[in-house]
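Undergrad: When we follow our numbering, the leftmost residue of the sequence shown carries the number 57, and every step to the right adds one.
Keep in mind that a hint or two might mislead.
What the hints assert, rightly or not - Taking CB as the label site, the calculated pair distances span: (1) G72 - V108: 16 to 22 angstroms; (2) R173 - S85: 18 to 24 angstroms; (3) R258 - Y107: 15 to 21 angstroms; (4) Q220 - Q121: 14 to 20 angstroms; (5) A250 - R155: 28 to 34 angstroms; (6) R154 - R258: 44 to 50 angstroms; (7) S117 - G260: 32 to 38 angstroms; (8) P254 - Y88: 26 to 32 angstroms; (9) G136 - R92: 38 to 44 angstroms; (10) P130 - A255: 37 to 43 angstroms.
Rather than coming from a laboratory, the hints here were simulated on the basis of the structure. We put the beta carbon where it would ideally sit given N, CA and C, even for glycine.
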Amino acid sequence: MSFRLADSGALALTRGTPGGSSPRLFVRSAGYMLARQQCSVLLIVVEPVDYVADADELAESVIAQLTHAIDACPANDIAGRTTEAFEHVNAMVLAHNRRWPFRRCFLGVTCVISTGRDLIVAHVPPGQLIVRQRHELFAYPAIIPWRLPLPEIDAALARPLGLQQVTEPALLVSSLAAGDLICALTTACVSPLAPYRPALERAGTADEVLTEIGVAIDRAQVRDALVGVVQVGPTGRRMNNRVSPALLHHRKSQTALDRNRQPVQTETAHDGTDWSDPLGPVQAGRPQVMPSDGPEQQTEELPVLPQMNHGSPSAAGAPA
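Could you build all of it, start to finish, from the sequences and the hints given here?
TA: Here it is as structure tokens:
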């Protein structure tokens, strides 16, 4: 099946003033066709660790370089192309920081990519991803589960752009289905969303999701926030909000659609938890958590699966 973006939307809040755009936010327009075996950037949110005057200009350059490098890339080259693109933008931010040591900028990036068949996420902290499939919510990094306080980020694992000479993004993959809803947002939005989980699970469109998030951050008096949302739909007809897309994680299925779907690959969150199930207990048969720059870690409950397998056993994000 071919897919398109059935819906998309954005929310930008700067110093308490709402808007629909920001130089730190890229959202692909609704109606965009997701070509099979060809990559397209759907969402990018850039989050500065600390806001400085040059952050917007740098973020705009990061978005431009990532979209230029990844758009129209062959699907079988996505892992290498994405890692290389992140290396280039990291070098750009590092060069800025060396030139202006008193205006150093460190940037987190959440980049959502379609191959027409799979959903790919490239992430360097800070930043947050929430995915809804079959009206279930999943998050990366893990929200454990919507509890406060949020886990502290391990400084040894946190590698925003501009911080270190080598920064390798975490790469995650899930197969696409009509109805999948993907939301990339800044970390200030996460804590206020805890009471709104049921509403986010029920929300039928990107606008409804943005409305719920907007209410949550307004009540929490969040003054700076970025949110981008896209929803996947089939080509040739209007989106049916009752479509039940396949699961993000792998488990026993009752439908042929689920049985034919490939299990998602997961990454280790900064506190070592599994992004594929932040809202409930781990079940047997879930995919193995696999770090991007270390040996595979096995548990009794989670089988080891090859990461981002596109016809070959190469592991996306594994060191060369």
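Undergrad: When the structure is checked against the list of hints, which entries are broken? Sort them ascending.
TA: 3, 5 and 9
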